[in-house]
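> One-letter residues, chain by chain:
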Amino acid sequence: MNSSDMTVLMNTMADEGIEQLLTLFADVELTVSLPPRTGLMMLTVQDSFGTDFHVGEVLVTEARVLFHGSEGFGMVAGEAPRRALARAAADAVLRCPEATVIQKSLLSLLRQEEGLQAARQAGQAALIAATKVNFDLMPGA
Amino acid sequence: MGYVAVKGGNEAIEKACQLFAYDRMKGSSHPLGVEQIKEQLYLAVDRVMGEGGLYAPDLASLAIKQSAGDTFEAAFMLRAFRATQQRLGYSLPIDTEKMRIVRRISSAFKDVPGGQILGATSDYTLRLLDFDLLEDDESRRQAFRERLFSDLPADTEIPATFPKVISILRREGLLTEALTAGQQEASVFDITRQPLTFPAARSATLQALARGETGGMLALAYSSMRGYGNIHPTLGELRVGYLPLTVRHPATGEAYVVGEVKVTEAEVLAKMQAGDGPPKFSLGYGLCFGQNEIKAISMAVLDRCTRTANPSSPAEDQEFVLYHTDGIEAMGFCNHWKLPHYVDFLSDLDRLRKSQELAQAGKDREDDDVSA
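Protein sequence lines, in the order shown, are assigned to chains A and B. Heads up, the first sequence is in our numbering, so the first residue is 1 and it goes up one at a time. Heads up, the second sequence is in our numbering, so the first residue is 1001 and it goes up one at a time.
Keep in mind that the hints were calculated from the coordinates and are not lab data. Misleading hints may appear alongside valid ones.
[What the hints assert, rightly or not] Taking lysine-lysine and the DSS-like style, the derived pairs with C-alpha atoms no more than 30 Å apart in a straight line are:
hint	chain 1	residue 1	chain 2	residue 2
1	B	Lys-1015	B	Lys-1065
2	A	Lys-132	B	Lys-1038
3	B	Lys-1065	A	Lys-132
4	B	Lys-1280	B	Lys-1110
5	B	Lys-1065	B	Lys-1280
6	B	Lys-1015	A	Lys-132
7	B	Lys-1363	B	Lys-1338
8	B	Lys-1026	B	Lys-1038
9	B	Lys-1065	B	Lys-1038
Source: prediction; values computed, not measured.
With the sequences and hints as input, model every part of the structure.
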C-alpha cells in the first residue's frame, strides 16, 4: 500500500482514532473547500456475463480541503462528517511533497491502525476458516 | 344518496400516530438502542437495506426501531430518505471475484477451488428454541467468546479471494456465455432515473430484482422450483462477503475505496439449452445488499426464468416478475385500500342496488306473464 492509499485505513478506524488524527491538523493551514455533506453513491457491479448493473445506493459523506494549493478528497461510508473531513485532510497532506513533518506523524498513526486492522481481520479470518468443510469419503466409496 | 364531500380526521390521525409510538414504549423494558439492532438483528437490517435500495446500516436500524420491526415500513422509510439525498455519482464497476469472502458454498461440486466455507449460518441449526438466550448477559457472552476462540485450529487460513466455481464449467465450454441480442446493452440502465419499459434491459432487470422484496421474489421463484416453469436450478455458488465501494479520485483519477458493502451473490445453473451448437448449461445471476441468501437465490432463479425464450408461467414473464416484486410499491398499493373509498364504494353500491331492482322488475314481469 503506498502512502496516499493509506487513508483507506481510516474507514474502519475507531472514532477516538479519528479524533486523535484530527488533532494533528490543529496547527496546519487547511481550508475546507467542501464542508462535509451526505449523499448517495450508486454501487455498480459486474454480473457473471460481464453486464454492469446498479445494485443500489450507498449513503456516503464527502468533504474536501485545500492544502498548499491542492485539494484533498475525503469520502467515507455512512453519515460521518468528522471522518470524511479527516480523510480529506490526510489525503491532501499525504499527496503534498512539502508536508514531510506532519506526514510522518500521520503515517505513524495509520500504520498503527494497519496493525490493529490486520489483527482484527486475522481473528475474523480464523473464525471463518474454521468453518471450511473437510469431506470424508464414506466406507466403501 | 348524493355525493358528499367530507374532510377532517386530522386530530384522530395525529393521536393514532402518537398511540403507535406509545405502544412501542409503554412496556417496562429498556429502550431498544439502534446499535443493538444493527449488531444483533443484522439480518433484518440487511433485508431492509436490500429492499429499500439504500446501504445505510445505521439508518436501516433506526427505521426498524421506528417501524416496530415492520420490514416493509422500514424499507419504505429508507426509500423515502434516499429521495432527500443528492446523488454524488456512480462507483467504478466491481468484479465480484474481488469479494472479501465470509461464506461460500457450492451445491454443484464437492471440491471447489478454495473449498466450501460455511461461514456464519443458521442452515444447520435444529430450529429448536434456545432457552439459554433468555438469560443472555455479558458474562455468558464472554464465556462463549472464550470457548469459541480457544477451540480454533492454529493453522487456519483462508485466501483473500476465491475463483468462481462456474469458471470450471467455462473452461470446459459447458456454460452458455452469449446473451441474446435484446439483452446486450450499450449503457447501464438506472431504474431510479429512467422509467422501466419492457422488454427490460438486463441491467434494469438485475437492478429491479436487487431491490425486490424477499418474500415476493421467493414466492415466484418457488413457483418455478415446484414446476410452474422449466428451469430446474442447481446452486453453482453462493457467496457472502464484502465488496469495495470504489470511486475515481477527483484529482488523481486513481481508484479510491470509500468503504465496504456486504452482499450476497448467487449463481444458479439451469437446465441445458439446446441451440445451434452442443447443449450447455445456462446461468442465472443474483446479487443483493447484505446477507440475504433466500433473496439472492430467488433473484438468480428469476433472472434465469425471465430469460426463457417462450415464457409459460408467471415466473418466466419478465413484466409480471418485475412489476410484482417491488415491496414498496406492492405494500403501498395494498395499504391504499385502507384509505377512504367511500365514493367509489357508494357508486358500486348504487349500481348493485339498481341491478337488483332491474332483476326484480324483470322477474315480476315474467311472473305476471306466467300468471296471465
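> If a hint holds in the structure, say so; if it does not, say that too.
Going down the list of hints, with the structure as the test:
no.	hint	result
1	B:Lys-1015 / B:Lys-1065	holds, 20 Å
2	A:Lys-132 / B:Lys-1038	holds, 27 Å
3	B:Lys-1065 / A:Lys-132	violated, 36 Å
4	B:Lys-1280 / B:Lys-1110	holds, 21 Å
5	B:Lys-1065 / B:Lys-1280	violated, 48 Å
6	B:Lys-1015 / A:Lys-132	violated, 54 Å
7	B:Lys-1363 / B:Lys-1338	violated, 38 Å
8	B:Lys-1026 / B:Lys-1038	holds, 23 Å
9	B:Lys-1065 / B:Lys-1038	holds, 10 Å
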